[in-house]
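Engineer: Top line first, the protein sequences correspond to chains B and Y. Read in order, the letters of the first sequence are residues 1 to 330 in my numbering. Read in order, the letters of the second sequence are residues 1001 to 1323 in my numbering.
Please note that a few of the clues may not be correct.
[Said to hold, decoys possible] Where chain B lies over chain Y, by a calculated footprint (3+ residues, C-beta under 8 Å):
| # | region |
| --- | --- |
| 1 | 1019 to 1025 |
| 2 | 1153 to 1161 |
| 3 | 1260 to 1271 |
| 4 | 1289 to 1302 |
[Unchecked claim] Just some of the chain B residues that point at chain Y, by a computed CB distance under 10 Å:
| # | residue |
| --- | --- |
| 5 | Leu186 |
| 6 | Gly280 |
| 7 | Leu306 |
| 8 | Ala310 |
In short, the hints are calculated from the structure, not lab data. From a predicted model like this one, the values you see are computed outputs, not experimental measurements. Think of the CB as a built atom: it goes at the ideal place given N, C-alpha and C, for glycine as much as any other residue.
The primary structure of each chain is shown beneath.
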Amino acid sequence: MSTGTGASDLLHADDHGIDQIVAGEAPVAARSPLALFWRRFRKDKVALVALTFIVLLVLVAILAPVIRNLVGAPPPGQTSTDALDDFGLPQGPTSEHLFGVDSIGRDIFARVLDGARVSLLVAFIGTGLSVTIGVTLGMIAGFFRGWVDTLIARVIDILLAFPVLLLGLGLASACSTKDGCLGGALEPGLTIVIFIIVLSNWPYVARIIRGQVLSLREKEFVEASRSLGAGNMRIIFREILPNLVAPIIVYASLFIPANILLEAALSFLGVGVTGQASWGQMLSEATGKIDTAWWYMFFPGMALLLTVLAFNLVGDGMQDALNPKGNKQK
Amino acid sequence: MAAYIARRLLWVVFLLFTITCITFVIFSVLPSGDPAVARAGRSPSPQLVEVIRVQLGLDKSKPEQFINYIGDILPFVGGNGIYLGFSYQNNTDVLPEILERLPVTIFLATGAVILWLSIGIPLGVLSAVKTGSALDRIAMGIALLFISAPVYFFGLVALYLFDDQIGIWPILPGNSAYGEADSLLGKAEALIMPWCVLAAAFAAIYARFLRGNLIDTLQEDYIRTARAKGLSERRVIFRHGVRAAITPIVTLLGLDIGILLGGAILTETVFNIPGIGRYAFNAITVSDLPVIQGTVLFGAFFIVMMSLIVDILYAFIDPRVRY
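If we strip away everything but chain B, and leave its shape as in the complex, we get:
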């Protein structure tokens, strides 16, 4: 029951539910915050379509090598002069190369598939790490308060005031020289991109979680649990954390598209992902060739656009589901 009470506080139980209780009808079974959240999200058809798209995209990314074999496309890194025409110019979409080839004869379909893996990997790992760090530090700060809170809150303030992305771009470019950073310990590529993502995201998560925990820890259900003899760990994990699941999912869903764009931008500038196909890097290579090979910019660009759009739609839907009093109201 305890989580149920917290849930209605957090999620503003819909008026219908309150009416029923007030009218003294049979009590409705307590729904977890997550179940309530899902019930509202389900009503948003556009967001559902977008969510389906994302699920398919994840499957495509995981099964990329299988799909490539199915359509008979060559590996993403394989160059082939056969695919260029007599003048050495790349060919457009054909049955052999669904999305055409680039200027050194690599199959763009295979590379777009490969790019999906990179984009999703970076976005999911980066967002996952940011959320984990942010939630942990935010909960520690909000729950234990005192000097730990002061310290964490100060670090958050400083990082939020910082041009983190600009310095991140500096770091990525300083380390993308051929010798790398720290004697090669910090290499250009995925690690640095994820590092920049985490550094720029976690303070936002921590700030929000800290605020939520500060208010949750004073709630009656926490007091009730404590009077039943629960220790700090039990209260944190069994009482407070379940109430944070919905906001955590929403913020994660807002960070993922931003992080996909950040990875693409760094790769576009040539300081992001190396050694693997990435949508941003493909767009960068396509920049000088839009007049001769439109497909070269079109397919990676559309892949990027649709992916980010789908994540944004899902994020919007989730935000509305979390906060039903929000912008959807007439």
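For this one, chain B is given, so just place chain Y on it according to the hints.
Structural biologist: Positioned in the frame of chain B, the structure of chain Y alone reads:
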């Protein structure tokens, strides 16, 4: 108020100092490559590398190098004004190169700001007032599309469609046109496409942001009071609603201007506009670290200063701010 401003100033000094420390670490401590070798050019003799090492002060310890670096940056220390280093590639000082490109970036940013405010704000207000209408849905749908598309992809599509050299409908000056234009009008013409592309994304963000704010504001009690007093709907919305809902836009705008002045790197790269962002991009492609370092520091300075200005401005325009 004076105490508040003083506190913000101290905070800015602290931030700028920390940023300087971090850029020093990023560019002078972390990279494994030898700057003296990078400076010396192709297959240099060991003697030359040694001479350059002494010249650049790289023979000194890192703390000494750091003190020299701070002395270079601060205007009245070290006797060389503000010095942001020396490009490996072009044999030129970084700061004059940046300042030379600043007007281009300012021109690009100003036009884009005017454009996105004049689209984003009316659209946000209209959408908020007519929530749920066809106009609202279409506008917000398009806005989400613009937010989701990276500016460089839109830039490429715009060039593909409208570039007067290669476009399908060759109606606008496109890639590299800015550098080739010799009159102010020609330069402005060359910026039409970049302005639109840059403004599209920002207009979308501002419209969504203002819409959300205004919808919340219009549900406040004082709005009901204003209606109850019998004020016209127009007056309620503009005098009471928009006026309150628009203040957070000031923060957003200040920070965005700060970021853009530091170099609209993606837009300038796609359209080959010779501003600070393009300068930084060129430096990245040839690993010219002092130039990247200089532009990063310059951009960070703009961002921090704009956030200071915004904070102070905000305290003036929003009476609810505590200071």
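Engineer: Hint by hint, where does the structure go against what was stated? Just the numbers, ascending.
Structural biologist: none
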